[in-house]
Amino acid sequence: DAMVIQNPRYQVTQFGKPVTLSCSQTLNHNVMYWYQQKSSQAPKLLFHYYDKDFNNEADTPDNFQSRRPNTSFCFLDIRSPGLGDAAMYLCATSTSDKNYEQYFGPGTRLTVT
Amino acid sequence: GQNIDQPTEMTATEGAIVQINCTYQTSGFNGLFWYQQHAGEAPTFLSYNVLDGLEEKGRFSSFLSRSKGYSYLLLKELQMKDSASYLCAVRDRNYKLSFGAGTTVTVRA
Chain H
1 DAMVIQNPRY QVTQFGKPVT LSCSQTLNHN VMYWYQQKSS QAPKLLFHYY DKDFNNEADT
61 PDNFQSRRPN TSFCFLDIRS PGLGDAAMYL CATSTSDKNY EQYFGPGTRL TVT
Chain E
1 GQNIDQPTEM TATEGAIVQI NCTYQTSGFN GLFWYQQHAG EAPTFLSYNV LDGLEEKGRF
61 SSFLSRSKGY SYLLLKELQM KDSASYLCAV RDRNYKLSFG AGTTVTVRA
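Just so you know, the protein sequences line up as chains H and E, in that order. Sequential numbering from 1 applies to the first sequence in this note's numbering. Sequential numbering from 1 applies to the second sequence in this note's numbering.
Hints are computed from structural coordinates only; laboratory data are not their basis. Accuracy of the hints is not assured; some may be wrong.
Heads up, simulated DSS-like pairs for lysine-lysine below, C-alpha to C-alpha not over 27 Å straight-line [as the list claims (entries may be wrong)]: (1) E/Lys57 with E/Lys96; (2) H/Lys17 with E/Lys57; (3) E/Lys76 with E/Lys57; (4) E/Lys68 with E/Lys81; (5) H/Lys17 with H/Lys98; (6) E/Lys76 with H/Lys52; (7) E/Lys68 with E/Lys96; (8) E/Lys68 with H/Lys44; (9) H/Lys17 with H/Lys38; (10) H/Lys44 with H/Lys17; (11) E/Lys81 with H/Lys52; (12) E/Lys57 with E/Lys81; (13) H/Lys44 with E/Lys81; (14) E/Lys81 with H/Lys38; (15) H/Lys98 with H/Lys52; (16) E/Lys68 with H/Lys52; (17) H/Lys52 with E/Lys57.
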């Protein structure tokens with residue numbers, strides 16, 4: 001089945017230790033998104049790629065970076081995680097063929113110790 | 001930007017009907033989505049409205065009034081598995097989604 005895959009599902013990192021979360025998709029969608037969702041809060045868009053074009057949200061901290069080496073993969077790098085970065089990180093994809101409806105991966109739950 | 005408001009929690013009995021309201025203020029409306037999110041899982045798509053009126057999909061229906069900045073999600077014949085958070089999300093002209101904080105629905109036997 002075509003899908004959005006996130007690895008790992010659970011990630012524990014230490015305060016200040018860089019961490020990378022990965023997302024892959026078999027949908028061949030040209031748009032990929034990263035969201036941060038803290039407990040009982042709305043998902044918050046961090047950035048998205050439209051094809052290779054990177055679009056950063058104005059209030060996304062510099063601590064968060066992203067890479068998209070090809071259509072299928074997208075990475076979220078947190079350079080120096082703080083305790084406040086503990087959250088669920090959701091990857092989503094969309095395409096104009098499906099009216100940009102967003103398909104979400106299962107998420108990676110990040111814990112910072 | 002978007003301001004999206006929805007109730008925090010709702011409780012209903014199995015087999016009943018529940019209506020979750022969502023109001024929004026937007027600078028460039030381009031569609032409204034409802035997602036279901038079980039605890040610890042990703043949101044899953046439920047419905048999409050871009051024109052005024054009611055969209056029906058089995059036990060779930062969604063209504064939109066663009067002039068009022070208002071939508072609701074109607075869940076009929078509630079089942080225990082419907083206990084989840086329901087997220088209202090508004091899309092802008094750049095195809096970006098802004099989510100509400102979600103309404104946690106608890107279905108009781």
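Verification of the supplied hints:
As the CA atoms of E/Lys57 and E/Lys96 are separated by approximately 24 Å, the hinted pair is consistent with the 27 Å bound. Between H/Lys17 and E/Lys57, the direct Cα distance comes to roughly 46 Å. Violation of the 27 Å bound is thereby established for this hinted pair. Between the alpha carbons of E/Lys76 and E/Lys57 the distance comes to roughly 11 Å, so the proposed pair stays at or under 27 Å and holds. This hinted pair does not check out: E/Lys68 and E/Lys81 have alpha carbons roughly 32 Å apart, beyond 27 Å.
Only pairs whose Cα atoms come within 27 Å are accepted, and H/Lys17 paired with H/Lys98 is rejected, the gap being roughly 39 Å. The hinted pair formed by E/Lys76 and H/Lys52 fails the criterion: a straight-line CA distance of about 43 Å is larger than 27 Å. Distance restraint check for E/Lys68 and E/Lys96: the Cα-Cα separation of roughly 21 Å lies within the 27 Å cut-off, and the hinted pair is therefore satisfied. As the CA atoms of E/Lys68 and H/Lys44 are separated by approximately 25 Å, the hinted pair is consistent with the 27 Å bound.
A C-alpha spacing of about 20 Å is found between H/Lys17 and H/Lys38, which places the hinted pair at or below 27 Å, so the restraint holds. Under the criterion of a C-alpha separation no larger than 27 Å, the hint pairing H/Lys44 with H/Lys17 is consistent with the structure, at around 23 Å. At roughly 39 Å between alpha-carbon atoms, E/Lys81 and H/Lys52 are farther apart than 27 Å, so this suggested pair is violated. Taking the CA atoms of E/Lys57 and E/Lys81, the gap is near 17 Å; set against the 27 Å cutoff, the hint holds.
In summary, the hint linking H/Lys44 to E/Lys81 is supported, as the alpha carbons are separated by about 26 Å, within the 27 Å threshold. In summary, the hint linking E/Lys81 to H/Lys38 is supported, as the alpha carbons are separated by about 23 Å, within the 27 Å threshold. With a C-alpha separation of about 19 Å, the suggested pairing of H/Lys98 with H/Lys52 holds against the 27 Å cut-off. Of the pairs offered as hints, the one joining E/Lys68 and H/Lys52 is violated, with about 37 Å between alpha carbons and a cut-off of 27 Å exceeded.
Annotation: proposed proximity of H/Lys52 to E/Lys57 is violated, straight-line Cα distance about 35 Å (limit 27 Å).
Figure legend: structure checked against the earlier numbered hints; hints not met, in rising order: 2, 4, 5, 6, 11, 16, 17.
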